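Student: First residue of the sequence shown: 63, per the working numbering; consecutive thereafter.
Source of the hints: derived by calculation from the structure; they are not laboratory data.
Any given hint could be a false lead.
As the list claims (entries may be wrong) - Okay, derived cross-link-like pairs now, DSSO-like style, lysine-lysine, Cα gap no bigger than 27 Å in a straight line:
#, residue 1, residue 2
1, LYS400, LYS274
2, LYS380, LYS300
3, LYS380, LYS347
4, LYS325, LYS380
5, LYS400, LYS380
6, LYS300, LYS400
7, LYS234, LYS77
8, LYS325, LYS300
9, LYS274, LYS347
10, LYS234, LYS274
11, LYS347, LYS325
12, LYS400, LYS325
13, LYS234, LYS400
14, LYS347, LYS300
Because the structure is a prediction, the values reported are computed rather than measured.
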Amino acid sequence: MAQVLLGLEFTEIEKALGPDHPAFRARQLYQAIYRRRASRIEQMHPLPAALRSELAARFEVGWPETVARYESADGTRRYLLRMSDGRTVEAVLMPEQARDTICISTQVGCPAGCRFCMTALAGFERNLTAGEIVGQVLVIAQDNALDPAARRVNLVMMGMGEPLLNLREVLKATRLLADPEGVGLTVRRMTVSTVGLIPQMEELSRQQVRPKLAVSLNASTDEQRHQLMPITRQYLLKDLLAACRAYPLRSWERLTFEYVLLKGVNDSDADAHRVARLLAPIRSKLNLIALNPGPGIPFEPSDPERIAAFQAIVRRSKPCFIRRPRGQDIYAACGQLKRMTL
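With the sequences and hints as input, model every part of the structure.
Tutor: See below:
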């Protein structure tokens with residue numbers, strides 16, 4: 063069986079290539095995969111034809127297969143991607159004039175069970191490998207002629223899955239994506255989200271190469287949060303917020319908190335005041351997200367006036383933004399990824 067190259071770091075490619083080839087060939091192969099985005103060995107023209115033939119007999123690049131691509135009226139594009147074992151995940155491109163944002167998945171399905179998220183309805187199948195995570199970025203970059211090293215491209219690991227439950231592969235993918243010899247994204251433009259898994263947050267904080275962190279808050283009391291996000295029952299809010307206060311932020315960095323607003327559930331003025339008090343000691347910002355509805359979700363989105371009132375309360379003490387929904391009409395918005403075909 064051919065060895066998959068996508069997901070290997072440079073030293074691993076050197077080892078796979080073997081001692082019969084000079085180090086510069088390993089560098090050419092590495093750059094062909096990650097910088098030039100060659101999806102097949104035959105496309106790696108900096109390599110001699112004889113070497114390409116040798117490599118094709120031993121290796122494959124291992125890109126995900128694009129099963130479907132949907133485009134929203136607002137320009138958002140949703141990709142349904144198939145991995146080598148037949149399982150599928152989704153990735154999303156949100157283009158804007160000044161920048162593009164790519165949202166990728168880290169697991170097939172999600173074990174968190176958040177009651178307002180369509181991904182939770184599909185259950186959990188497995189973790190993605192670093193190569194499968196990076197592959198989503200390469201597919202979207204190639205399909206849209208994006209150069210993440212040249213144009214401002216933001217990457218958010220906020221698609222399917224709880225990234226910190228797949229931390230080893232997420233960190234390896236981050237190193238590959240951030241390598242200036244490869245994809246060339248900087249960690250300043252990468253964000254990983256979590257429901258608030260404290261031990262994994264602490265491990266992430268110790269990494270030399272790590273993305274920014276976003277914490278899904280979504281409630282102002284433990285009772286409310288545990289009902290909406292069952293996986294959080296193992297951690298109290300006071301412990302999560304203590305971990306957030308202790309999180310070592312770089313000089314240019316803030317923590318991001320995410321809050322999905324559910325009509326009549328977590329969107330009252332009292333909720334807003336509690337959230338403002340909880341976040342006050344933390345160098346952070348809050349993103350408010352109106353629920354993106356879908357089949358099987360037992361909640362309604364908050365009214366725009368209620369969202370504005372919530373924002374007005376929080377922003378007295380904390381930067382607070384309303385995140386504009388993107389791709390609702392193609393089930394590409396936050397919380398809508400369920401591997402649906404249209």
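Student: Could you run down the list of hints and mark each one as holding or not?
Tutor: Tested hints:
| no. | hint | verdict |
| --- | --- | --- |
| 1 | LYS400 <-> LYS274 | holds, 25 Å |
| 2 | LYS380 <-> LYS300 | holds, 19 Å |
| 3 | LYS380 <-> LYS347 | holds, 6 Å |
| 4 | LYS325 <-> LYS380 | holds, 22 Å |
| 5 | LYS400 <-> LYS380 | violated, 33 Å |
| 6 | LYS300 <-> LYS400 | violated, 32 Å |
| 7 | LYS234 <-> LYS77 | holds, 17 Å |
| 8 | LYS325 <-> LYS300 | holds, 25 Å |
| 9 | LYS274 <-> LYS347 | holds, 12 Å |
| 10 | LYS234 <-> LYS274 | holds, 15 Å |
| 11 | LYS347 <-> LYS325 | holds, 22 Å |
| 12 | LYS400 <-> LYS325 | holds, 22 Å |
| 13 | LYS234 <-> LYS400 | holds, 25 Å |
| 14 | LYS347 <-> LYS300 | holds, 18 Å |
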